[in-house]
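In the order they appear, the protein sequences are chains A and B. FYI, in the working numbering the residues of the first sequence are 181 to 293. FYI, in the working numbering the residues of the second sequence are 26 to 138.
No wet-lab data here; the hints were simulated from the structure. Don't take each hint at face value.
Claimed, not checked - Straight-line alpha carbon distances no greater than 27 Å define the calculated DSSO-like cross-link-like pairs of lysine-lysine that follow:
#, chain 1, residue 1, chain 2, residue 2
1, B, Lys-108, A, Lys-285
2, A, Lys-288, B, Lys-126
3, A, Lys-285, B, Lys-82
4, B, Lys-126, A, Lys-181
5, A, Lys-248, B, Lys-67
6, A, Lys-292, B, Lys-67
7, A, Lys-248, A, Lys-285
8, A, Lys-222, B, Lys-108
9, B, Lys-82, A, Lys-248
10, A, Lys-222, B, Lys-67
11, A, Lys-285, B, Lys-67
12, B, Lys-67, A, Lys-288
13, A, Lys-285, B, Lys-126
14, A, Lys-222, B, Lys-82
15, B, Lys-82, A, Lys-181
16, A, Lys-181, B, Lys-67
17, B, Lys-103, A, Lys-222
18, A, Lys-248, B, Lys-126
The residues making up each chain are set out below.
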Amino acid sequence: KQEVTQIPAALSVPEGENLVLNCSFTDSAIYNLQWFRQDPGKGLTSLLLIQSSQREQTSGRLNASLDKSSGRSTLYIAASQPGDSATYLCAVRRGGSQGNLIFGKGTKLSVKP
Amino acid sequence: EPEVTQTPSHQVTQMGQEVILRCVPISNHLYFYWYRQILGQKVEFLVSFYNNEISEKSEIFDDQFSVERPDGSNFTLKIRSTKLEDSAMYFCASSGDTNEKLFFGSGTQLSVL
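Next comes chain B alone, as it looks inside the complex:
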């Protein structure tokens, strides 16, 4: 079965550093998303992306965050200057349409020291 893949599985960085989290969505999907889960808390929506632009974003997704689809297969989340509170599991997801299931990747555990 097709799946969403994310790299790396773990990322450790120093506060203030830039990180890029990478995702390869399911190949025929058109909608892409980033979510995050802080340890012990709910999964939270960050951003949705369609047709090469952001279609929706949450309050969490401030100017420190950006997303990009640099080619036909990858979807990236960049955090420009990481903060301690950015430590979380970051999930990428994709769907074929907005009324279809979201398929999630296994996540990238980001630790900001």
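Okay, chain A solo, but in the shape it has when bound:
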């Protein structure tokens, strides 16, 4: 059974710092991996999608990498800002599934001004 784990559960950094959020999954037979942002009481905002054949994706100050064989993904945030404060969720889609995403519990990020 696929399990997704995110470490750390919470992270507090000063503004301007570069940071890395980690995601690991137990079954490497994934179709793709998606990183989301969740603000308190709000929905999920898709940040980056990495297909299983890709190694990384970039969008602005965000870079996500995927090492399928080791069951790991990282989300790199450059030059963090207070507006980046949110919970970041990692989710994997099983091969052969129709959009059944398995989510991690998230990393709660706080960026202090």
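Go by the hints and put chain B onto chain A.
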């Protein structure tokens, strides 16, 4: 940017009552999903829907749950006889294809008393 809209944002109901949660997916998307998040827990997959039928469902999605696309724009989740443990944030999502990003709505907070 197109978005998934959900109504209502909050729903309070008595145990045993029926509720219908409504969603308007992004207009050119073909795949539709329902997820839920119990407070403090992971986001969980409920069901995926394509071509007017359920394509995949989780163990959570038992006979008390049903989904429908009553017209060309709406996608609904019905819970026939709500239980206390159904209290959660329910998210609707849509995608253009199974290998594309899922776009989530802001959710409906369901409270069963």
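Okay, the hints, checked on the actual structure:
{"no.": "1", "hint": "Lys-108/B / Lys-285/A", "in the structure": "holds (24 Å)"}
{"no.": "2", "hint": "Lys-288/A / Lys-126/B", "in the structure": "holds (22 Å)"}
{"no.": "3", "hint": "Lys-285/A / Lys-82/B", "in the structure": "holds (21 Å)"}
{"no.": "4", "hint": "Lys-126/B / Lys-181/A", "in the structure": "holds (23 Å)"}
{"no.": "5", "hint": "Lys-248/A / Lys-67/B", "in the structure": "holds (22 Å)"}
{"no.": "6", "hint": "Lys-292/A / Lys-67/B", "in the structure": "holds (26 Å)"}
{"no.": "7", "hint": "Lys-248/A / Lys-285/A", "in the structure": "holds (20 Å)"}
{"no.": "8", "hint": "Lys-222/A / Lys-108/B", "in the structure": "holds (23 Å)"}
{"no.": "9", "hint": "Lys-82/B / Lys-248/A", "in the structure": "holds (25 Å)"}
{"no.": "10", "hint": "Lys-222/A / Lys-67/B", "in the structure": "holds (14 Å)"}
{"no.": "11", "hint": "Lys-285/A / Lys-67/B", "in the structure": "holds (5 Å)"}
{"no.": "12", "hint": "Lys-67/B / Lys-288/A", "in the structure": "holds (13 Å)"}
{"no.": "13", "hint": "Lys-285/A / Lys-126/B", "in the structure": "holds (19 Å)"}
{"no.": "14", "hint": "Lys-222/A / Lys-82/B", "in the structure": "holds (24 Å)"}
{"no.": "15", "hint": "Lys-82/B / Lys-181/A", "in the structure": "holds (16 Å)"}
{"no.": "16", "hint": "Lys-181/A / Lys-67/B", "in the structure": "holds (15 Å)"}
{"no.": "17", "hint": "Lys-103/B / Lys-222/A", "in the structure": "holds (21 Å)"}
{"no.": "18", "hint": "Lys-248/A / Lys-126/B", "in the structure": "holds (18 Å)"}
Every hint, counting from the list given before, is met by this structure.
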